[in-house]
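Chains as they are written, first to last, in the numbering used here: chain A, 1 to 115; chain X, 1 to 114.
Calculated directly from the structure, the hints in this document are not laboratory data. Hints may contain errors.
As the list claims (entries may be wrong) - Keeping only pairs whose Cα atoms sit at most 27 Å apart, straight-line, the calculated DSSO-like set for lysine-lysine is:
id, chain 1, residue 1, chain 2, residue 2
1, X, K106, A, K44
2, A, K44, X, K49
3, X, K109, X, K69
Stated by the list, open to error - Residues from chain A shown here face chain X by an in silico Cβ test under 10 Å; the list is partial:
id, residue
4, Q37
5, Y48
6, S58
7, P61
8, S95
9, T101
10, D102
11, F106
12, G109
Every residue gets a Cβ at the ideal spot worked out from N, C-alpha and C, and that includes glycine.
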Amino acid sequence: NAGVMQNPRHLVRRRGQEARLRCSPMKGHSHVYWYRQLPEEGLKFMVYLQKENIIDESGMPKERFSAEFPKEGPSILRIQQVVRGDSAAYFCASSSGDRPTDTQYFGPGTRLTVL
Amino acid sequence: AQSVTQLGSHVSVSEGALVLLRCNYSSSVPPYLFWYVQYPNQGLQLLLKYTSAATLVKGINGFEAEFKKSETSFHLTKPSAHMSDAAEYFCAVTSGAGSYQLTFGKGTKLSVIP
């Protein structure tokens with residue numbers, strides 16, 4: 001039973017380019033969350049999605065960042081016109097429900113480096 | 001608003017010694033509390049969680065944590081450290097509306113000295 005899959009594991013972009021991060025949730029999970037981890041910091045919530053719906057994007061930067069979870073395929077976190085400050089580890093988690101008792105299972109993360 | 005404070009960004013213990021990682025939380029409503037472990041270049045793995053049942057929670061790999069409301073604490077302990085316990089540990093809290101949003105502490109890196 002595969003866990004949460006993320007790809008790529010490492011991504012290098014130059015300033016101004018676009019970054020696309022992919023997340024496939026655990027089988028049977030329809031709730032997906034994205035978190036960002038800056039160096040020496042804990043994870044910060046970005047966005048919560050269900051299939052074809054953004055439920056809560058209160059943690060997303062207002063510009064350049066977007067997320068989707070289409071009916072078919074993985075969830076995508078897209079960062080347009082990347083800047084050095086976007087360098088971080090981006091983690092995806094999935095769960096079977098959105099109650100606190102529904103454990104969020106995390107993927108291995110995508111480490112984005114912006115040159 | 002909720003927050004988590006982890007005291008000590010780095011903790012070193014000898015192999016076989018007691019592990020104690022501290023976590024204090026702030027929440028205006030009854031919280032749910034979690035400890036996750038992160039090994040280098042890997043994702044977070046849930047160690048244990050408190051969801052308002054027993055205040056002493058047992059987790060995987062011999063870890064346990066006790067919820068103390070009066071102290072607003074949820075410290076993680078293990079009686080005897082093993083080399084494989086070396087990792088970074090994160091405490092997280094969620095509560096109330098939007099309870100799917102985990103709020104994490106900054107983490108504590110545990111080193112185990114042979």
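Hint-by-hint comparison with the structure:
1. K106/X / K44/A: holds, 10 Å
2. K44/A / K49/X: holds, 19 Å
3. K109/X / K69/X: holds, 25 Å
4. Q37: It holds, given that the least Cβ distance between Q37/A and chain X is near 8 Å, below 10 Å.
5. Y48: With a minimum Cβ separation of about 6 Å from chain X (threshold 10 Å), the hint on Y48/A holds.
6. S58: holds, 8 Å
7. P61: Hint violated; P61/A Cβ to chain X Cβ min 16 Å, cut 10 Å.
8. S95: holds, 8 Å
9. T101: holds, 5 Å
10. D102: holds, 8 Å
11. F106: With a closest approach of 4 Å, the F106/A hint holds.
12. G109: The hint holds - G109/A has a Cβ within 10 Å of chain X, the shortest such distance being about 6 Å.
Consistency note: the structure conflicts with earlier hint 7 alone.
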